[in-house]
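Undergrad: Residues -22 to -1, 1 to 150 (mature numbering (1 follows the signal peptide of the UniProt record, and there is no 0)) make up the sequence shown, in order.
These aren't lab readings, by the way, just hints derived from the structure by calculation.
Hints are not guaranteed to be accurate.
To be verified - Within a straight-line C-alpha distance of at most 20 Å, the following computed PhoX-like cross-link-like pairs (lysine-lysine) qualify:
hint, residue 1, residue 2
1, K65, K100
2, K65, K97
3, K97, K68
4, K14, K65
5, K68, K98
6, K68, K100
7, K65, K98
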Amino acid sequence: MVAFRLLFCCLILFIWINAISSLTNPQDAALLLSLKDQWGNTPSSWNISDDPCGAWDGITCNNDSRVTALALNLNNLTGEIPSSLGKLSKLYWLDLAENQLTGPLPVSTPVDPGLDLLKKAKHFLLNQNQLEGSIPATIGEVQTLEVLVIEYGPLQGSLPPELFGLPQIQQV
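Please work from the sequences and hints to get the whole structure.
TA: Here it is in structure tokens:
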């Protein structure tokens, strides 16, 4: 009987720790839930749970339950890249390559955030989408950026010189 109680207590403790460890930061979770509603063709795992860190394919989180990576290439995602992604302050990896995303690359304005606010980002992989407009110079404000891949889409214009002054840049 004592062994059964001990086993039961261990099971409850395991379930509790697992539940606590997978809860996504509330602001990050709200942003990703909104993203799920805005985009078409999101991974099916996004419909199983409202906790992105716990169960969503393509989402990586750190020990503080903050979203650090979105690896969503080859999902046939449709819609625009929302400016709200700029609020994922711990994001360092953004891979949206080879989807059907449209619209401009979102950068911050006085009212909205943008990709230029992702100050910890190292990789922006946005190639083979249907992104429009030009490459904003303010992307060059992401001083940690190492890789920016945006070819094979209808973006126009030349690369802003700000990108070539980035201290960590290895691939543009």
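Undergrad: For each hint, tell me whether it holds in the structure or not.
TA: Here is what the structure says about each hint:
Straight-line distance between C-alpha atoms of K65 and K100 comes to about 16 Å, which keeps the hinted pair within the 20 Å bound. Between K65 and K97 the alpha-carbon distance is near 10 Å, which keeps this suggested pair within the 20 Å criterion. Proximity of K97 to K68 is assessed by CA-CA distance (about 8 Å); at most 20 Å being required, the pair is judged to hold. For the hint pairing K14 with K65, the CA-to-CA distance comes to about 16 Å; that is within 20 Å, so the pair holds.
Of the pairs offered as hints, the one joining K68 and K98 holds, with about 6 Å between alpha carbons and a cut-off of 20 Å not exceeded. Among the hinted pairs, K68 with K100 is consistent with the structure: their alpha-carbon atoms are about 11 Å apart, no more than 20 Å. Simply put, K65 and K98 have alpha-carbon atoms about 12 Å apart, close enough for the 20 Å limit, and the pair holds.
Hint violations for this structure: none, all hints satisfied.
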